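Protein chains: 2
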Amino acid sequence: MKLTQAQLEQFDRDGYLFFPALFSRPEIQVLADAVPGLYAQRRPENVREKTGDVVRTNFAAHLYSAPFARLARHPRMVRPIEAIFGEQVYMHQFKINGKAAFDGDVWQWHQDYGTWKNDDLMPEARAMNVAIFLDDVNEFNGPLMFIPGSHKLGVLDAEHDTSTTSYPLWTINHDTIAKLVERGGIVAPKGAAGSMILFHGCLVHASTSNLSPWNRVSVYLSLCAVSNHIRRFKRPGYIAHRDFTPLECLPDDCLLKEYDVPLPWKDGTPAAELRGMLEAA
Amino acid sequence: MKLTQAQLEQFDRDGYLFFPALFSRPEIQVLADAVPGLYAQRRPENVREKTGDVVRTNFAAHLYSAPFARLARHPRMVRPIEAIFGEQVYMHQFKINGKAAFDGDVWQWHQDYGTWKNDDLMPEARAMNVAIFLDDVNEFNGPLMFIPGSHKLGVLDAEHDTSTTSYPLWTINHDTIAKLVERGGIVAPKGAAGSMILFHGCLVHASTSNLSPWNRVSVYLSLCAVSNHIRRFKRPGYIAHRDFTPLECLPDDCLLKEYDVPLPWKDGTPAAELRGMLEAA
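Heads up: the protein sequence lines correspond to chains A and B, in order. Numbering of the first sequence is given in the numbering used here, commencing with residue 43 and proceeding in unit increments. Numbering of the second sequence is given in the numbering used here, commencing with residue 43 and proceeding in unit increments.
In case anyone wonders, no lab produced these hints; they're calculated from the structure. These numbers come from a predicted model, not from an experiment. Misleading hints may appear alongside valid ones.
Where chains are identical, the list cannot tell them apart; a pair therefore holds if satisfied intra-copy or between any two copies.
[What the hints assert, rightly or not] In silico DSBU-like cross-links for lysine-lysine, where the CA-CA straight-line distance does not exceed 35 Å:
#, residue 1, residue 2
1, LYS276, LYS299
2, LYS92, LYS232
3, LYS92, LYS44
4, LYS194, LYS308
5, LYS221, LYS232
6, LYS308, LYS221
7, LYS137, LYS232
8, LYS299, LYS92
9, LYS221, LYS137
10, LYS92, LYS221
11, LYS159, LYS137
12, LYS194, LYS232
Full structure from sequences and hints, please.
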């Protein structure tokens, strides 16, 4: 899993790389099988859709679910990011987004680094977004949409949207989006479960609602260069992690073999991680 | 504009027919140029999105806008429908749906004939839906989605949804949709402005929100076989028309030449057409 020069150039130009079917069906099955048990838990890491009881986002599963703890250390995901940043990375955020059949709601156009910078005081956009498909993604179940090249403009002005959906987001105004799209268009990578997207923290993205009968569960990770760790713990620790220990990769077969992994939150979330603090501890 | 045997069979099997770029760019431009003036009017025929002032649907423009009055009598649209029903048709409903860039909201899965039957007491599903694209339609601006073959089951159980969006709709439950999609899949015809779709009154359809910077304005017409006219005027007359006079076609160049057309609501909507009545007048 070494990126080619062409891939590095493509990432620089477009702000994303797509790896169709990077993980096999049996590997993805191990992860997919663990999701219902996670969503069924009544813990603060499960954020539900505004329409009811359906989970929109589960946070931090890598700290209490063995399959996801192994995914967090997977060399097919971690190594390319280390190569792009030229240093080791830690897990800044770990999400499983439901985008459930029928109920999955929109995510307005936004950049992730806007939040990391404004809320978390992350110094640079040296954290990589990763999307791993646990379901097949098609044009009908609300695929991620990107504006290629939009990462080149750094952090764009944004407004804090707390009304559209059940999760607050720094969203970008319509005029800016129209101009960016005029230049870069819109793409929506689609593919089989097991596909992976790496995308830049400043790449503008959105996704529409899922009216189809097909779930579109994805794992979204943000891996931050260790030297670029966040400086403020304003958001709860289960949303923006405070442990900057570099990720140590497991072997390539770690989703199929039961390697030992630490599960520090298995018996509950530490009280301090549920609160935001204005200063780093 | 005569349907082939293959097209007739396809309509029977799938419940829709797609005619890419049936109207030319200059023809569509005449219609598109008239839309802003219609949307700017403060009249009850303009229904706005729940998020604000953007028009979601304009009703009955064929009664007060000359270009749309001529479209209502266009032989490329009317003749194929007469051929399928074997009789003349009248205009049951005339809508221009905004599905505006950024603001266009979802339409949940539904059948139109459910409403015509329940609210308007239309005897049979012998009214044809027509969609004419005034903008290019792509995967990002909320295209119409159909479940092919779903018209074969007649009227499905539905619930009156008055909360999702700004327009009440008889929507179909999730289990039924999942079963229909398993059998027929989902299609979303995309194409240039000027394309037309004919679809059966019982064909299950939906459309997702439009997060793109591209408007997706479409004209949606429902043309009913004259003998199948509605029996109840429960809905206002500008939504479900009460004039069953057969449509008389204009010549094929009627969008480019200024043929005379009646515009009875040019100076306002008749008071009686604003109200619902429980009995046909």
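Going through the hints against the structure:
1. LYS276 - LYS299: This pair counts as neither: shortest intra-copy Cα distance 37 Å, inter-copy 65 Å.
2. LYS92 - LYS232: Both: 26 Å inside a chain and 31 Å across chains, each within 35 Å.
3. LYS92 - LYS44: neither (41 Å within a copy, 49 Å between copies)
4. LYS194 - LYS308: neither (40 Å within a copy, 51 Å between copies)
5. LYS221 - LYS232: Both. Shortest intra-copy (24 Å) and inter-copy (23 Å) distances satisfy the 35 Å Cα cut-off.
6. LYS308 - LYS221: Neither: 46 Å inside a chain and 38 Å across chains, both beyond 35 Å.
7. LYS137 - LYS232: This pair counts as both: shortest intra-copy Cα distance 20 Å, inter-copy 33 Å.
8. LYS299 - LYS92: Close neither inside one copy (38 Å) nor across copies (51 Å); limit 35 Å.
9. LYS221 - LYS137: Close inside one copy (30 Å) and across copies (30 Å); limit 35 Å.
10. LYS92 - LYS221: both (31 Å within a copy, 26 Å between copies)
11. LYS159 - LYS137: Within one copy only: 19 Å inside a chain, 46 Å across chains, cut-off 35 Å.
12. LYS194 - LYS232: Close inside one copy (24 Å) and across copies (31 Å); limit 35 Å.
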